[in-house]
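Enquirer: So the protein sequences, as listed, match chains A, B, C and D. Going by my numbering, the first residue of the first sequence is number 32, and it counts up by one from there. Going by my numbering, the first residue of the second sequence is number 32, and it counts up by one from there. Going by my numbering, the first residue of the third sequence is number 11, and it counts up by one from there. Going by my numbering, the first residue of the fourth sequence is number 11, and it counts up by one from there.
Calculated directly from the structure, the hints in this document are not laboratory data. Don't take every hint at face value.
What the hints assert, rightly or not - In silico lysine to any residue, SDA-like type, Cα no more than 20 Å apart, as pairs: (1) Lys83(B) <-> Asp206(D); (2) Lys378(D) <-> Met92(D); (3) Lys83(A) <-> Met92(D).
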Amino acid sequence: MAEKSWMYAVLEGVQQEMQQDPKMSWIFELTPPVASNPGMPVINLETEFGRKRVVNTGIDENWMASCVLGAALAGSKAATYIPYQGALIPFEVIQNVAGKLRHMTGGKATPGCVWVIEMTGQTPGFAGQHSCYEEDSYYAHIPGVRTVIPSTPYDAKGMMISALRSSDPVVYLYPAGLRTLQGEVPDEAYEVPLDKAAVRQEGNDLTIVSSGAGMPGVLEAAEKLTADGMSVEVIDLRVLKEMDTETLVNSVGKTKRLLTVDQSYYTLCPGAEVIARVAENVEGVKFKRIAFPDAPPPASPEMFTWMRPNAGHIIEAAKKMV
Amino acid sequence: MAEKSWMYAVLEGVQQEMQQDPKMSWIFELTPPVASNPGMPVINLETEFGRKRVVNTGIDENWMASCVLGAALAGSKAATYIPYQGALIPFEVIQNVAGKLRHMTGGKATPGCVWVIEMTGQTPGFAGQHSCYEEDSYYAHIPGVRTVIPSTPYDAKGMMISALRSSDPVVYLYPAGLRTLQGEVPDEAYEVPLDKAAVRQEGNDLTIVSSGAGMPGVLEAAEKLTADGMSVEVIDLRVLKEMDTETLVNSVGKTKRLLTVDQSYYTLCPGAEVIARVAENVEGVKFKRIAFPDAPPPASPEMFTWMRPNAGHIIEAAKKMV
Amino acid sequence: MKYEETNKATSTEVDAPSSESRRGFLKLAAISGAAVSVTKRGALANGEIGFWAKDLPDDKLIDMYRTILKIRWHERTQADKMLADPSYRGYNHFYAGQEAVATGVCAALRNDGPFEQIDLVYSSHRPSGHAIAKGVDIPTMVAEMDFRSTGMNGGYAAEMHISDPSVGFIGADGMIGPAPVIASGSAFAFRARESDQVAVVFAGDGNYAAPHFHSTLNNAKLLDLPLIYVCENNLYHQYAHYSYSCPHKDISDAAAAYGIPANVVDGQDVVQVYNAAKTAVDRARAGGGPTFIEAKTYRYYNHWGAPGAKEGELGAFGYDPLAITSFRPEREVRAWMQRDPVDISRKILIDWGILDEARAAEIETEVKQEIASAFEWAMQQPLCNPEDALKHVFAEGTVPARQFG
Amino acid sequence: MKYEETNKATSTEVDAPSSESRRGFLKLAAISGAAVSVTKRGALANGEIGFWAKDLPDDKLIDMYRTILKIRWHERTQADKMLADPSYRGYNHFYAGQEAVATGVCAALRNDGPFEQIDLVYSSHRPSGHAIAKGVDIPTMVAEMDFRSTGMNGGYAAEMHISDPSVGFIGADGMIGPAPVIASGSAFAFRARESDQVAVVFAGDGNYAAPHFHSTLNNAKLLDLPLIYVCENNLYHQYAHYSYSCPHKDISDAAAAYGIPANVVDGQDVVQVYNAAKTAVDRARAGGGPTFIEAKTYRYYNHWGAPGAKEGELGAFGYDPLAITSFRPEREVRAWMQRDPVDISRKILIDWGILDEARAAEIETEVKQEIASAFEWAMQQPLCNPEDALKHVFAEGTVPARQFG
Ligand SMILES: Cc1ncc(C[n+]2csc(CCOP(=O)(O)OP(=O)(O)O)c2C)c(N)n1
Ligand SMILES: Cc1ncc(C[n+]2csc(CCOP(=O)(O)OP(=O)(O)O)c2C)c(N)n1
Ligand SMILES: [Mg+2]
Ligand SMILES: [Mg+2]
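So that you can see chain A by itself, here it is in the shape it has in the complex (with noise of 0.2 Å):
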């Protein structure tokens, strides 16, 4: 056990799983699978398990992420890092074959790999493509694939050696602004489940519910909303697809007010999801939904920062509620 970064913990995770497979592979195109961390061995996949399974293309993210799915139907474990400007070209071949291909099969095929879709900086002073607030959604309505958000180091490592685990083809979301987190992670291989939400911290007067980038904004103000005397309930949801509903009603039936909070476009942000589920098994509830508004991220940081969900926006909401 040892401090690490999100980068870190999710390379080392990716490294103990080819060390045990040796039919494994990764495929990427502009990020080298390096990662260093004080105190700890530089991992690089390239020159450790050498350029027949560790394979730099060229800028072409549709064939990368075919490519895993084809591997997996030859038998083999195959995961590919698709970088944010690419997030969603290969969006088709996710959505329209590999979600489809066990069901359409009746069970005969064995679709299981792992896409690592990274979800950009959200970091001020870029705009369009690169800085985007949408990926999420758009993955969590395929079924037939798992779709999970980490937030810590913890899950990011223990979520990507369960993924590569998986016999499902499993799209793992990348917050890239996460990436330099830091936190205590074992170095053993270990598995954190792709069904399950994480409650972070236990409350009665509200529930918020939130993922990936979404989280250090409500930590924080789940922090100083607790030391204003309110009790909060704070849900990191971790799993897009298929979303851990019992969790969430179990914890509004208890707050009866539930806020959500998104980094990504307000309609259809997983929110909306999360309202509507709570909404369906739960009487009584007062909601509220935060999320970035139906807008391209612009490039310039005033408008930019005044766009994006913060901590403050989060605490001045909880307190309308409450």
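Based on these hints, arrange chains B, C and D with the ligands on the given structure of chain A.
Expert: Frame of chain A; chains B, C and D with the ligands shown alone:
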């Protein structure tokens, strides 16, 4: 005014716009833009406008979709018909380029074009890529693109004309199952707004909200429920982006009961957004959601027919709510 | 474009003699209707002429003939059922006319053994010929096409998505575009794990225009993948001639541009297809990378189902429902039917002294009977259980019903 | 791969003399460092050698030199600001080293007039050189890159998405892949409306591997679109040599396979680029369809921003933060800097007797001053108003704020 099929009505709208605008073009791949209707002249865009403006291309939906966007940026209106197997192939260019263009250029780009995206007939006997329940949500999460889904021949023509005249890019979802639907359709050109839901029936006990291919089942159910004495309000969304919150909130503010019906996978179906918007704005509402399960449609008619939301399901659910 | 033209244009480099007067150099009969084989590119080393069929034992050659007949009679039986039996719900994208392509290619592959050793085939939306050639169980395939719960894929797949990995038939694909790229992924895995397996993808002329075409060939070349791309150029995609979407006369020219060995073969002659496939398989197993084979061929039915067909007759004529931009002329259909893959394969076997007419006819009767029994069995199979629709979304468990609210 | 090698491989067909000893046949000075022009394919009719620069008036040639200098000094000024001024927030994908490509191409285009008549340029993620060459207003572009509300795009765009349709600069594109396809759509519109406009797309060597490459060229050829694809092969995409993603030595070979006229030109020599572009534009305007121009060139800075650069010095050296698979060698950078587009264009003008050293230096001083003023003006511009973020999503109105709950 005459009784026309949906298919004829749409093509009549396109024809009228092409007659007005000699720069406009139409791109297709399999389905020649031809339609006939009893007592009306056959419409054949290819022979009427020639092969420079009406183009039969190879199986490359991303090119088709990108091409009409490029035409728009060059100052020409263009539209393309994407058949359902290709419904998500142009997703990336619509989501990541077209939807962001105007905003990211500070208003300088002029991306107004129309993508007609066919949604599968949703009939038994097909499967996988030939029977999809999903396009609506994917497209509706995109900012900067108007996503509409008409459900009557009248709206189909009027919204096509509005789409072609709009300076915004429009995803015009075309539920193939409605293609042969008949209705009264004016002969002249007219517009139906791209931002308003339609109240198809007024009532006080329950609001049912649906769209596109969901509407026939909803109307059938509403008729029976009304005959059984229930006062049902039926809303046809028509527009998924920007969704008409006001009409929804006004209706449920009155009925306090909301049932959503979608021919779309449950998780993040349009109904999730409808429920979330109402939940944020109206207190003390009872909610229920009917949708296609989060599973690809299987080929077997026995399995498929059981899964597909229908009038019977709607009636039962409504009766449980009121 | 007529076949003759194509042939002329492509016979520039190697003028191999026709299959029918080749094997064992036993006979030199000149048989009318014989085609000229064309191996467009790829030099043959050390006097090796690439006529691999010379080494095939009789039973293997007879198997190829039998496979062609199975595909043909499966289709004719099904077409007749579609035309005559209103209670029959199955359908197909018929492959009749193209049988020699699937048969010749699959005859060069490893089709049995453990999954980690057999070659894999990716098919298209026109899969039943590829499936039979790769060795799937015909009765369960027939049951699948009629949505039976004991069908090859439990009634989930129907025609366009059939799959049986146990014989290396990865399966049909409803899409134009993705299959070749995914197939290259299987080839990638073989190379990464140092297996000598080969991945084959069958794709129509329509696939050329898909952007995936570039991805597939570019990456196959860059990474030397053991991939064989079999382009079945039957001249039309849906109802458009391939010249609407491709500037090349031979699609193989496009592949050759990547530096990939690319051949044009007569897709009506199973021996020529086999020869080309064997060369490609040997190259791929030896680490020599991908091969592109363009088989010039033709389908006798229309794009989908049996419109224009008559019960008891082969082929479909004169169906043009939609004021199609360019519809294939009936004379073209009839011209191609003169060079029928069943006839050609039969003549070759007789010419090579492997069968006589009587035995050939007997085999055809056996096959017809086998197919008839397959349909009989299949039509008695149980229908699906509705709730099973919620299975197989993920490897384990079921998903919840949502249609009831 | 060194430039010399490339050059050798591609000079097979036409051995045009170098620009510097050409125009007006006035002088025949042999200048060291001069490159040999290469026009790979496309026969020249009736003795026409395609050396169009011979017809250019002096002021047009001087303008080209001035444009190259503007691009260069815009970048050097910005790089220095990035290195020296911590309050400066702008960034860039620098184009230094490639200036002759954008300049030579845009000099052959119609850049002013009504929008319905000018030629359109689609750029890449490396847009500032293309933008300046097409004629955008430099001060507002500089303001845009620092997120000012009076910037060319109101602060929404920043570097990677700048656009000014009023001069036909459709704009930058953050993506690898889509721009060429969209550009072909503009060309499609020109043809459909019978306009003689031309669409040009600049795309790097990295774009070759994108599946869109196939779509663009295939459809441009099939429909004879007035599209000019300028492939700026600067040998690297991000930090990978182009041989990682392309099996061709000359990417133009890939385009030629479609039957599209395809040339390789020396991208460091503005006159040679101009000559090739003029040929392509004339062909496109006359309805002759697309042209592919591969300009062999090099960027002096790293992929993005100024890492490895030093204030006051040109180029960046020895920055390898990520254990990159293959990193460009410093000697390669220095070798390419020997054939600097600024030097070459200056030498040509002097050699042709259009300028002398003194006037050339004067022009450079003027340009530097112009750029300095642009930065000065831009840095005084107002920042953006946060709420404006909700504008311009659609043509009319604003979208609601959602971040407050
Ligand atoms: C992406 C996509 N677009 C459209 C279709 C509809 N479609 C099915 S088959 C077909 C024609 C294919 O032609 P070809 O590849 O030549 O194969 P053939 O039918 O001739 O065997 C088309 C367009 C599809 N399946 N996928
Ligand atoms: C679809 C997509 N994938 C990845 C990226 C990230 N990316 C930005 S620039 C670039 C390299 C482009 O190289 P090249 O086309 O040679 O242009 P150059 O940078 O050399 O000018 C990459 C991979 C992107 N913008 N879009
Ligand atoms: Mg075909
Ligand atoms: Mg480059």
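Enquirer: Determine which of the earlier numbered hints do not hold for this structure and return their numbers in increasing order.
Expert: 3
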